[in-house]
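Engineer: Sequence:
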Amino acid sequence: MDVRELTTRNELFAASALLAEVWRPTDPMPYEMLQVTRHIGGYVAGAFDGDTMIGACAAFPTADGGLHSHITGVTVPGRGVGYAIKAHQRAWALARGIPTIGWTFDPLTRRNAYFNLVKLAARATGYAEDFYGDMPDELNMGDPSDRLLLTWPLEDPKVVAALAGRPATWPEPGPDTPAVLRADAADRPETRDAAGAATLAVGTPADITALRAGDPDAAREWRRAQRAALGGSLTGGYRVTGFTRAGYYLLERPR
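Be aware that the sequence shown starts at 4, since it is given in the numbering used here, and climbs by one per residue.
Some clues are possibly wrong.
What the hints assert, rightly or not - Within a straight-line C-alpha distance of at most 20 Å, the following computed EDC-like cross-link-like pairs (lysine to aspartate or glutamate) qualify: (1) Lys161 x Glu255; (2) Lys122 x Asp210; (3) Lys122 x Asp159; (4) Lys122 x Glu158; (5) Lys122 x Glu175.
Unchecked claim - Restraint-style ranges between C-beta atoms, simulated for each label pair: (6) Thr202 x Pro170: 36 to 46 Å; (7) Asp220 x Ile43: 36 to 46 Å; (8) Arg7 x Arg256: 38 to 48 Å; (9) Ala171 x Ile43: 34 to 44 Å; (10) Gly81 x Gly239: 35 to 45 Å; (11) Arg256 x Arg12: 27 to 37 Å; (12) Phe51 x Asp196: 44 to 54 Å.
Since the hints were derived computationally from the structure, they do not count as laboratory data. Remember, it's a predicted structure, so these values are computed and weren't measured experimentally. For every residue, glycine included, the Cβ atom is placed at its ideal position computed from N, Cα and C.
Please model the complete structure; the sequences and the hints are all you need to start from.
Structural biologist: Next comes the structure, spelled out in C-alpha cells:
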C-alpha cells in the first residue's frame with residue numbers, strides 16, 4: 004500500500020468521508036478540520052490500495068513541540084494499514100525535528116493495547132476518566148470514554164527495535180504477578196485484591212466492541228472494574244511496563 008500526505012481538496016473530502024464511515028453515524032473530522040490541521044502544520048495522511056483510500060489519520064502540533072495523533076481510521080482491518088500509517092507518521096515527524104507523538108486509546112480494546120504497547124512500543128503515561136464525554140458513534144456509544152494516555156518517543160531504542168520487527172515480549176501473569184482483574188468463563192470481569200504487590204496484572208475482555216453490542220451491561224461492568232484496577236493503580240504510583248498476548252497490562256510499583 005501507499006501512505007502519503009493528503010494535499011488536495013478531493014483527498015481531504017475522501018479522508019473525512021472514510022473517518023465518518025468508521026465512526027458512523029458521526030462526522031469526527033469534517034473537511035474543514037482537516038484543512039485547518041494541514042494549515043497549522045499538522046499531519047494529515049491517507050493509506051491507499053491503488054487509487055482507493057483505505058485509511059486516514061490526522062494529528063495536531065502541540066505547544067511543547069510534539070504531535071498529538073488525534074484520529075486514525077481504516078476500512079480494511081487485518082492488513083497492517085494502521086501500522087503503515089504509524090511508520091509514515093513517525094518518519095514525517097522525525098523529518099521535521101519532532102521527537103515525540105502522543106495519543107489516546109480505549110484501554111478495554113485488547114487489540115489496540117497490543118498494537119500500541121507492543122508493536123509500536125509506546126509508553127502509557129496516565130489514565131483519563133471519560134476523556135471525551137458521551138460519544139454517540141457506534142463504536143463507543145453507551146460507555147464512558149475512559150482513555151489511556153500514550154507517549155511515543157520516536158528515537159527510543161525500544162521503538163526502533165519494535166519497528167524493525169523485534170518488539171519486546173512479556174510472560175503471562177504468574178504467582179509473582181497477581182491478576183487484580185481478569186475475565187471469568189463468561190467474559191465478565193473478576194477482581195481480586197493484591198494490596199502491596201510490587202507487580203500486578205490487569206486484564207481486558209476478549210472483544211469489548213462485540214460485548215458492547217451484545218451485552219452492554221457487561222461492557223459497563225468492565226469499564227468500572229478496569230477504571231478501578233488500571234486507573235487506580237496508575238494514580239497510586241504504578242506504571243505500565245508491558246502487555247501480554249493474552250490481554251494483560253503488566254504494572255510495576257517503582258522502588
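Engineer: Give a verdict on every hint.
Structural biologist: Hints, verified against the model:
| no. | hint | result |
| --- | --- | --- |
| 1 | Lys161 x Glu255 | holds (18 Å) |
| 2 | Lys122 x Asp210 | holds (19 Å) |
| 3 | Lys122 x Asp159 | holds (14 Å) |
| 4 | Lys122 x Glu158 | holds (15 Å) |
| 5 | Lys122 x Glu175 | holds (17 Å) |
| 6 | Thr202 x Pro170: 36 to 46 Å | violated (20 Å) |
| 7 | Asp220 x Ile43: 36 to 46 Å | holds (43 Å) |
| 8 | Arg7 x Arg256: 38 to 48 Å | holds (44 Å) |
| 9 | Ala171 x Ile43: 34 to 44 Å | holds (35 Å) |
| 10 | Gly81 x Gly239: 35 to 45 Å | holds (37 Å) |
| 11 | Arg256 x Arg12: 27 to 37 Å | violated (52 Å) |
| 12 | Phe51 x Asp196: 44 to 54 Å | holds (51 Å) |
Checked against the numbered hints above, the structure violates hints 6 and 11; every other hint is satisfied.
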